[in-house]
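Q: When you get a sec, could you build the whole thing from the sequences and use the hints?
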Amino acid sequence: MRLPRRPIASIQPLPSIHTAFPINYDLTDSSYSAGINSGTRLLRQIDDGIEVVPFERDPRSAPILSPDSEEKEVFVVSQKEIEQLEKPLPKLPGSIWQRMGIRQRILALLGVQFVILMTIGLALMAAKAPSSSDPPSRARATGGDSVTVDAMDTIQRGTFALPVQLPQQQSSACLARMNESVAWQCATDTEFQLNVLPSPANNTKMTMVTLSAPPSNDSIPYGHQVPDFPPVELVTLPNGDGSGDGPAYHFLTTYDRTVLLKEDDLQLEQEQRVQPLSQHHTFQIGESLWRCVFNETLIEGYIYVNQATTPESTMSGNSTKNISMTASIPKVPYVVKLVEQRMPNGKGPYCEKVKVQKDGSLSSGSGKVMLDLSESASELEASKSELVRSAKFRSREQTPTSNHCRCQWLIQ
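Under UniProt numbering, the first residue of the sequence shown is numbered 1, with each subsequent residue one higher.
Keep in mind the hints are simulated off the structure, nothing from the lab.
Ideal Cβ positions, reconstructed from N, Cα and C, are used throughout, including at glycine.
Hints are not guaranteed to be accurate.
[Stated by the list, open to error] Here are the computed lysine-lysine pairs in the DSSO-like style, where the Cα-Cα straight-line distance is at most 27 Å:
| # | residue 1 | residue 2 |
| --- | --- | --- |
| 1 | Lys-355 | Lys-368 |
| 2 | Lys-205 | Lys-353 |
| 3 | Lys-358 | Lys-368 |
| 4 | Lys-358 | Lys-262 |
| 5 | Lys-80 | Lys-128 |
| 6 | Lys-368 | Lys-347 |
| 7 | Lys-262 | Lys-91 |
| 8 | Lys-353 | Lys-262 |
| 9 | Lys-331 | Lys-353 |
| 10 | Lys-262 | Lys-355 |
| 11 | Lys-262 | Lys-347 |
| 12 | Lys-358 | Lys-347 |
[To be verified] Between beta-carbon pairs, the in silico distance windows are:
| # | residue 1 | residue 2 | range |
| --- | --- | --- | --- |
| 13 | Leu-122 | Arg-99 | 31 to 41 Å |
| 14 | Leu-122 | Ser-212 | 38 to 48 Å |
| 15 | Asp-245 | Ser-219 | 17 to 27 Å |
| 16 | Lys-353 | Ser-199 | 37 to 47 Å |
| 17 | Asp-228 | Ser-199 | 17 to 27 Å |
A: So this is what it looks like as structure tokens:
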């Protein structure tokens with residue numbers, strides 16, 4: 001059977017997978033641009049008399065046949081499925097530690113631990129190693145110069161008696177009223193106890209001293225009571241107190257100075273009371289007395305280890321009591337100078353009434369009387385600045401300062 005012939009122009013062109021044929025398709029237009037826009041480049045020339053039938057299939061899974069190319073299979077995938085199939089690129093490590101491998105990290109940790117252990121070990125060895133450059137005896141700076149006292153003897157350790165005789169200097173000029181000047185007295189014909197303590201375990205070059213009353217003295221004597229203060233460090237001074245007596249060991253501290261007076265020693269009248277040079281009166285149980293206190297009194301001592309004291313056999317004493325106490329405690333083998341001086345500290349001196357109780361102690365004070373001072377404002381400021389300076393940076397004056405209360409003894 002013969003198929004009818006139809007002209008090719010009457011047959012509509014099939015749609016391409018790349019483009020769609022326009023309605024006003026012109027076969028005679030064979031330019032490059034027209035071919036691109038219309039898709040004629042994708043069709044091969046078909047002779048007249050051959051019938052072309054469209055062949056359609058499912059565009060999602062079946063292949064689409066193009067009349068001008070080989071058979072191709074096209075899958076239509078959604079944008080969401082494409083995003084799920086795409087795998088993001090890994091991030092580059094930001095630090096050196098993240099770029100290192102496991103073995104390199106282990107070696108780095110071991111190296112850091114080794115450096116830390118070496119540093120700690122060297123620090124401990126340096127702290128324990130004794131310094132061979134320090135001399136056995138050193139003197140602190142005086143007047144800006146650092147001097148080493150090589151010829152200075154080492155001080156003996158132990159408990160020694162300080163037999164105190166008449167004071168070299170005595171002044172109660174800090175008290176304004178004449179009748180109250182008796183409240184500042186200097187110890188006379190008595191005995192102090194000097195304790196040169198062993199060096200602490202952590203510092204063998206440090207020397208500590210204390211000053212107290214002899215343990216056998218249980219009575220309550222009249223006048224200036226023996227100084228008592230906790231351990232204080234001794235320092236070496238190449239020039240001593242500046243008086244030319246040579247190098248010395250020096251201590252400086254403060255304590256609450258106490259003077260015990262009879263009940264009738266403080267009078268209201270403005271008359272001067274003569275201070276007794278030596279009184280061995282002791283207070284009995286039930287007796288009333290005055291206790292005068294000078295808070296934070298400055299006390300300092302100079303121990304001249306290159307100067308020996310007088311032997312005990314040639315020492316003359318005025319009291320058998322002092323002789324018996326000196327026999328039980330050895331006398332200090334070095335010349336010692338003690339200085340006491342009231343320094344302005346904001347706490348005024350006072351006297352209060354007390355009474356001797358049955359156990360030998362003193363009752364609590366009552367009837368407190370404040371003592372008037374004769375120090376002016378300018379002298380107060382000058383005295384405060386003098387107290388701040390350490391004794392190793394100043395020379396000790398040999399005469400009492402104006403309007404100061406002062407005592408000075410020399411034990412030799």
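Q: Determine which of the earlier numbered hints do not hold for this structure and return their numbers in increasing order.
A: The structure conflicts with hints 2, 5, 7, 9, 12 and 15, although it agrees with all the remaining ones.
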